[in-house]
Amino acid sequence: MTTDGNGAPIELTARDFKSDQEVRWCPGCGDYAILNAVQGFMPELGIAKEKIVFVSGIGCAARFPYYMETYGMHSIHGRAAAIATGLATSRPDLSVWVIGGDGDMLSIGGNHLIHALRRNVNLTILMLNNQIYGLTKGQYSPTSERGKVTKSTPMGSVDQPFNPLSVAIGAEATFVARAIDTDKKELAEVLRAAAAHRGASFVEVLQNCNIYNDGAFDFVREQKENRLYLRAGEEVRWGDKGVRIGADGSAEVVDASEGGLLVHDPGHVEPSVAFGLARLTYGTVGAVPLGVFRDVRRPVYDDSVAEQIRAAQKQRGEGDLAALLHAGDTWEIA
Amino acid sequence: MSKPVEQLDRVIIRFAGDSGDGMQLTGDRFTSETALMGNDLATLPDFPAEIRAPAGSLPGVSGFQLHFADHDILTPGDQPNVLVAMNPAALKANLKDLPKGAMVIVNTDAFNERNLQKARYASNPLEDGSLEGFHVHEVALTSMTVEALRDVDGITSREAERSKNFCALGLMCWLYHRPTEGTLAFIEEKFGKRPEIAEANTKAFKAGYNYGETSEDFAVSYEVAPAKLAPGRYRQITGNTAIAYGLIAASRQSKLPLFLGAYPITPASAILEELARHKSFGVITFQAEDEIAACGAALGASFGGALGVTTSAGPGIVLKSETVGLGVMLELPLVILDIQRAGPSTGMPTKPEQTDLLMVLYGRNGESPVPVVAASSPAQCFHAAIEAARIALKYRTPVYLLSDASLANGSEPWLIPDVDSLPDISTPFATAPREGDPFLPYKRDAATLARPWAVPGTAGLEHRIGGLEKEDVTGAISYDPDNHDLMIRLRAQKVANIAADIPELELDDPDGDARTLVLGWGSTYGPIGAAVRRVRRDGRKVARAHLHHLNPLPRNTGDVVRGYDKVLIPEMNTGQLLQLIRAQFLVDAVGYNRVRGLPFRSSELAEAITAMVDA
Chain A
1 MTTDGNGAPI ELTARDFKSD QEVRWCPGCG DYAILNAVQG FMPELGIAKE
51 KIVFVSGIGC AARFPYYMET YGMHSIHGRA AAIATGLATS RPDLSVWVIG
101 GDGDMLSIGG NHLIHALRRN VNLTILMLNN QIYGLTKGQY SPTSERGKVT
151 KSTPMGSVDQ PFNPLSVAIG AEATFVARAI DTDKKELAEV LRAAAAHRGA
201 SFVEVLQNCN IYNDGAFDFV REQKENRLYL RAGEEVRWGD KGVRIGADGS
251 AEVVDASEGG LLVHDPGHVE PSVAFGLARL TYGTVGAVPL GVFRDVRRPV
301 YDDSVAEQIR AAQKQRGEGD LAALLHAGDT WEIA
Chain B
1 MSKPVEQLDR VIIRFAGDSG DGMQLTGDRF TSETALMGND LATLPDFPAE
51 IRAPAGSLPG VSGFQLHFAD HDILTPGDQP NVLVAMNPAA LKANLKDLPK
101 GAMVIVNTDA FNERNLQKAR YASNPLEDGS LEGFHVHEVA LTSMTVEALR
151 DVDGITSREA ERSKNFCALG LMCWLYHRPT EGTLAFIEEK FGKRPEIAEA
201 NTKAFKAGYN YGETSEDFAV SYEVAPAKLA PGRYRQITGN TAIAYGLIAA
251 SRQSKLPLFL GAYPITPASA ILEELARHKS FGVITFQAED EIAACGAALG
301 ASFGGALGVT TSAGPGIVLK SETVGLGVML ELPLVILDIQ RAGPSTGMPT
351 KPEQTDLLMV LYGRNGESPV PVVAASSPAQ CFHAAIEAAR IALKYRTPVY
401 LLSDASLANG SEPWLIPDVD SLPDISTPFA TAPREGDPFL PYKRDAATLA
451 RPWAVPGTAG LEHRIGGLEK EDVTGAISYD PDNHDLMIRL RAQKVANIAA
501 DIPELELDDP DGDARTLVLG WGSTYGPIGA AVRRVRRDGR KVARAHLHHL
551 NPLPRNTGDV VRGYDKVLIP EMNTGQLLQL IRAQFLVDAV GYNRVRGLPF
601 RSSELAEAIT AMVDA
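Going down the list, the protein sequences come from chains A and B. Each residue of the first sequence is one higher than the last, beginning at 1 in UniProt numbering. Each residue of the second sequence is one higher than the last, beginning at 1 in UniProt numbering.
Errors might be hidden in some of the hints.
Below, a list of computed lysine to any residue pairs in the SDA-like style, where the Cα atoms sit at most 25 Å apart [claimed, not checked]:
no.: 1; chain 1: B; residue 1: Lys-279; chain 2: A; residue 2: Gln-308
no.: 2; chain 1: A; residue 1: Lys-18; chain 2: B; residue 2: Ala-430
no.: 3; chain 1: B; residue 1: Lys-193; chain 2: A; residue 2: Asp-329
no.: 4; chain 1: A; residue 1: Lys-314; chain 2: B; residue 2: His-278
no.: 5; chain 1: B; residue 1: Lys-279; chain 2: A; residue 2: Asp-329
Covered stretches of chain A (in silico footprint by chain B; criterion: 3 or more residues with CB under 8 Å from a CB of chain B, positions within the stretch not fixed) [unchecked claim]:
no.: 6; stretch: 59-72
no.: 7; stretch: 89-100
no.: 8; stretch: 301-310
no.: 9; stretch: 313-323
Hints were generated in silico from the structure; no laboratory data involved. We put the beta carbon where it would ideally sit given N, CA and C, even for glycine.
Only chain A is shown next, with the shape it has when bound in the complex:
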């Protein structure tokens, strides 16, 4: 919701969030669906569009800010989270979004991502994961599977891939979720929850790169039976299968009929279960958990910074420059 010049509320629509820039992703790219979803649900946020900022690094997904009719900065490779941290910390009144790909955020920007999450800066971070470097034309990324043959790995990648949600949970993220680019309703649902979360929200969006890594997520994008939707308060199950927490603390897949299934609680303070659910993705489970894995409250960095400033001003009054310069031992020369 924003207001006109006379203070009267104006209903915003998705169209209000479309900039005049021509969208230039490859035809068939999953980014289009994500852009549409974001523009579609932005009006629901009830935030004036001038209060919204999209910050990105470099990569295909990082072109996102150009297409949003909000404030935006397309910055440098990997550094969006750091730049957004400075912006959000100095301007707690803004809604700051960070958007990028798996290479941008987990490779060159891995350090900034984990630190933004552990600090719990009030950011909504969307990581579009297509398991490949698109803009640089098809090298393997930190989420590419072992053995991936690409231009830079002609004999197959020997790198162990990151599981983005494990990284986020390991970095003490307070909000962690996953969605699929083409699953419009669920994507909007997850984005809504992420935007509502105060603190750092991390959302992995599984996305297809039809040029360099086509079909990477077909087993879940195309085969809906492999989607495991996590719902708070409900048993974690899909089809005739379910998830139970084993004696060693890991999440294990069992026949749902066996009972004793895990009841999903994203608000659980202890991150182990969310971590176990995140691990399922890369097991031999046959299903990919989707939805909100973790949603807990922890002091928000920007709030704590502002609170210290308020406390200092309450204690000492607002800074007096002349008093500061004259503090300590001084002497007079006549």
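Given the coordinates of chain A, work out where chain B should sit on it, guided by the hints.
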């Protein structure tokens, strides 16, 4: 009967000991008492990068030099008149700097077999005649201290021994008639939580003072009259503190919140630490995960309408370069402080150099002009910080401010400015354009060529910026060849135009007929000034000028350097400004270059200037 008092016009004292001996604290205290006496002063702390090198070893020697006088002085001094050596290593490491006839006070207790060995002395210098020509005072500082503290309950013998620096300080305070009240109050405050330690240090201090008065070894004490400085209220200040205060002042004078993104690095960390103490000014200090994040966060804060600042030293500046380039493209204000230290790579972290000038000018990809300001003395750092912020805000550009390790840690008296006299550096944010007019983020101000600074939260100004080349006026992404050429030239012109907005280079040529000019920049201000005085005192004519703006250069720089037959450019590098001056103005300037990780001695500079004048 009281001892005779000798009048001196100036003294240079160096305290030296192990890096755990408290030499910096001792030097600081002596400096504070000296400042309150009204002497002019300059200090040179010189310590190893290692926190605690092995006790008694040569690499572990920590020193603090103080020059104080009854007249205005410009440097911490070339050669100490007095060395206080707490152990053999401290004596060995510093003796070479002393002129014959200098006073040497040694702590004889530390001159045992083990320490002599550690200092690689083949024989005891106190016994083998190698100190001939110096006035040596052998004082058993450690045992005197331990003896004085016998009645203090609750301290270990190690703690008693550790108070010996206060004993040395007490002795020096007696010898040079320094007041003692400040130090006694300081001990109370600093060690208040451990009263027994406070008592020990107080007793040690008094023991040293009384020893001076009673020992026949010290027949004379010395007085240095207050200096005749410009009237006003003074305080002692280091360069890093002055920069922190300057940034707070810039925040106030621009009416913008200060956001510092920093990563700890020697010798810049003290700026972060100082600013972190002043949250009541609305200052946000962000200790980032790395140098890149520190600079990025500052730039993000600038985008949001804050005065974004990042502080570092050479190795950290290297990492920030990409972000500075982004700032050039975004045309947003950003102040980047480079407290230079010896390089390359990690180099010598605690030692000063002027070796980053070409890096900050040219160390970015693409043609990426950035204004550069340089500080010239610890106190001048205050105004240099305000000036860097002024240029950054007015022209919407990253600005480098160069300081170095000698300014950062060195201190001098500072005539505290009247805050009402500080410049107004406020800059308006863009406001919403008229109905129907699109907002043009790269439409430039005709006078400054600065683009509008439109901050998020302003309705109607929503826009996107980024590192890709901008189309003139609209700021849209553009690969048009002619537009790129135009934008390269516009960004360069914007920075070049700043020359009209900075003071002309001040020329110091008293008679107006010197034929030799000495041109400097940065922390060599003091040593060059002192050297020029010496040369003039010898009856020779020499002019001098000192650059505070390195990019753009003051508009009369060419006229000044072309106005002399000979131009000497002393730098603590192998000739960086020299290259610029020769290339831009086609003058046959000559460099005087030493890269020793130490400030210049004015005596060596005086020789070089004399040689040039006489040539």
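Now for the hints, and whether the structure bears them out:
1. B:Lys-279 with A:Gln-308: 7 Å, holds
2. A:Lys-18 with B:Ala-430: 23 Å, holds
3. B:Lys-193 with A:Asp-329: Distance ~22 Å between Lys-193 (chain B) and Asp-329 (chain A) Cα, so the pair holds.
4. A:Lys-314 with B:His-278: 13 Å, holds
5. B:Lys-279 with A:Asp-329: Holds: Lys-279 (chain B) and Asp-329 (chain A) sit about 22 Å apart, inside 25 Å.
6. 59-72: Since three or more residues must qualify, the claim that chain B covers the stretch 59-72 of chain A holds, with 7 doing so at under 8 Å.
7. 89-100: holds (count 5)
8. 301-310: Held - the stretch 301-310 of chain A has 3 residues with a Cβ nearer than 8 Å to chain B, which meets the minimum of three.
9. 313-323: The restraint on the stretch 313-323 of chain A holds, since 8 of its residues have a Cβ under 8 Å from chain B and three suffice.
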